[in-house]
Amino acid sequence: MNTENLKISTVENLITTPPKSKAKSDEIIRDLLPQKFGRQGMIWVAVLTAICCVGAFAYYRQLKHGLVVTNMRDYVSWGIYISNFVFFVAISLVGSLITAIFRLSNVKWSTPLTRIAEIIAVSAIVFASLIIIVDMGRPERLLNLFLHGRIQSPILWDVIVIGTYFFISVLLLYFPLLPDFKILIRFKEKTGKKLNRLYRFQGSFWKGTKEQFKISDKSINILCITIIPVAFCIHTVTSWLFATTYRPGWDSTNFGAYFISGAFLVGAGGVVVAMYMFRRAYRLEKYITDMHFEKMGRMVVLLAFLYLYFNINEYLIPAFKMKKMEAHHLTELFAGEYAPLFWFTIFIGMILPVIILLFKKGRKPKPAFIAGVMVVVGAWFKRYLIVTPTLLNPLLPMQNVPENFKHYFPSWEEWAIAMGSLSGALLLITLFARIYPIIPIHETIEEQNKTDEKISLVE
Amino acid sequence: MSENNNQKSRREFLLSGLLASAAVAGCSDDNDNPFVTEENVAPSGEKVKLLSVNGEVIEVDKAFLKPVPNLPKLSNQEERKGIPGKKFVMVIDLSRCKNLRKCQEACNHMHHVHPGQNWIKILSMQDGENTAPYWQPTTCMHCDEPPCVKVCPVDATFKRQDGIVLIDANRCIGCRFCMAACPYSTRVFNWEEPKLPKEVEEQPYSCETSLPQKKGTVSKCDFCPDMTRQGKLPHCVTACPNGVFMFGDMNEDTVSNGAETFRFSDLIRDKAGYRLMEDLGTRPSVYYLPPVNRNFPYESGLENSDEHRKS
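These protein sequences, in sequence, are chains A and B. Numbering follows numbering that gives the first Met the number 0, with no gaps: position 159 of the first sequence is 158. Numbering follows numbering that gives the first Met the number 0, with no gaps: position 10 of the second sequence is 9.
The set of hints was computed from the structure by calculation and includes no laboratory data. Among the hints, erroneous ones may be present.
Claimed, not checked - Cut-off 20 Å, straight-line C-alpha distance, at most; resulting in silico cross-link-like pairs (PhoX-like, lysine-lysine):
hint, chain 1, residue 1, chain 2, residue 2
1, A, Lys23, A, Lys285
2, A, Lys453, A, Lys107
3, A, Lys35, A, Lys192
4, A, Lys217, A, Lys107
5, B, Lys158, B, Lys80
6, A, Lys63, B, Lys213
7, A, Lys63, B, Lys194
8, A, Lys63, B, Lys214
All chains should be built: construct the whole structure from the sequences, respecting the hints.
In structure tokens, the structure reads:
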């Protein structure tokens, strides 16, 4: 890689920058410095906070009365808390895709998207951990996982890999921020006193020396390499929470790959949505360009086809055989109680976005954004379909149980908590973008200088 | 199988249980040492042989033996270990079941199971379209390869050396992975604070009695280890008027429903006993005898069925 030489040149640039490129980098800094919330931003934050508060109140009720406030019962013992957890874990995988896989394969256009992807990953992982605690009947005994942990249990594997993924993701968010801290501190008057104290606390040791860049680059490379297997682990292990049981719909060797492909799809969709929102909110048209939507659109198409492929394996092969145990489950999905939702997730979550994004016009920001929303919404319900219908098809018949054991529709507390967690994740992303530059400033300047250099070489 | 044989083995079974409880009663309580002569006890001259903790046979005057109403409390460690030398097994004779649900009633009553939930489920089964329906009481299978134990992250559900799978509700974190893993759907969850009588609520928790049940934890059929420790049969076995349930020790090769006692291996061989979902490899400790030569027609059980009552 020739990044090292470039870095040196940037460092020198900061000392003796030619006036033209200095003006350019100043413009970039001005554009990308964190901005105060406007009116819309305030409303957005207020709404999210309100939903979070309702969720917190619902959780208070759950702590007080027990899980009886949910509509989960002995047969449907896992509900939308768990499907929401799977959704969060899934969407967090995008951090590794955009940051690590693209970086290692030398994809340059993804630079402005790395921080968006990484903060989605971090906030999703945070709320995945929270929602799993919410699902516990005895959250106060969380420490038992460490005091009496059995390494044989897939839950312990999940705790280990999710913890590891969280730390790597945080570091991958933090290290590229270091050169930006220097810039942020330099523009004290624009960022404000309070935030500056935070920046200094987090990044004042960064002087931007050659040695520091070398260490930082090396660390980022190591993190990028390690995060890929860990990312595969978090979602494979999450799929094993289901695949290690005997239940029809879960007892599948396809599950790991099926979950991972779905995770990359929803992650890419999520990034498209976030790109569009940030671009609009912060007027970043110069940095998140149509080209980015074009490329991410293609990415979503590829991933949607991949996920569709695993879906075919997952549903049509058992449906070909129609084993007695599977048959009831599959007919419920294809033509029974869950059919509307099932076909919704297939069409809205996969096929329609593919159709939109296959066209060049469909890869323009607005239609791509709509396709991205479809992917994300479809993916959320898809997780619900993976969890709940299976539990309503036990191996021994459900008999002589109260009527509410035989059906499942989440209670208002469950909805409030699930929506609260989603709002919480969005709030975390929003606040992050308020405090830190959502598009890496230093790297953008660097890329700019590189293209300038190329131009001057040609001249 | 001769009647004599049955009677004899039953006596052995009960006797061994009694001896075990007497031994425990005799040696465990330091404060009330039974070997210390109390003033008002006169030696009767009749000696009883007992096994000491050191494994020696000792003779004690009968008058010094005191009845112990409640067995001394066991430590959590002992409860997790189980009763040494035992391998409990249950046989359920489907040809005798008419869905009376006395087993369920007794079980729910003794374990204070939450209304609407059951540890024993009596299922109306029909294996194929043209096959005969039958009633199938379903308990915890106490598998030798328990899927629930495999997935528990905190060792809250565990397999004891006597074959019983138990739950430690003081450790359970309520993740419900075991409920998802159990193919027999045997586990129930305490979704809310259990409504218990005051005296039950106040008694110290024991994995063997599964009492008092705790909010936010999983519970299930426990094979009544508190009863077996006293040499008694589980509540469902004694409650069934038709002798459907037979309980015993695999090592003694004996099972009993209270009225009759059988050699386990003979019973399974002669009546073609089987286990549920053998192909899953869970190796249950509960065996079923097929519903042939039935004592009652299937229809006689319909009056107790909720589904039937509704329609």
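*What hint numbers does the structure not satisfy?*
Hints that this structure does not satisfy do not exist here, as all of them hold.
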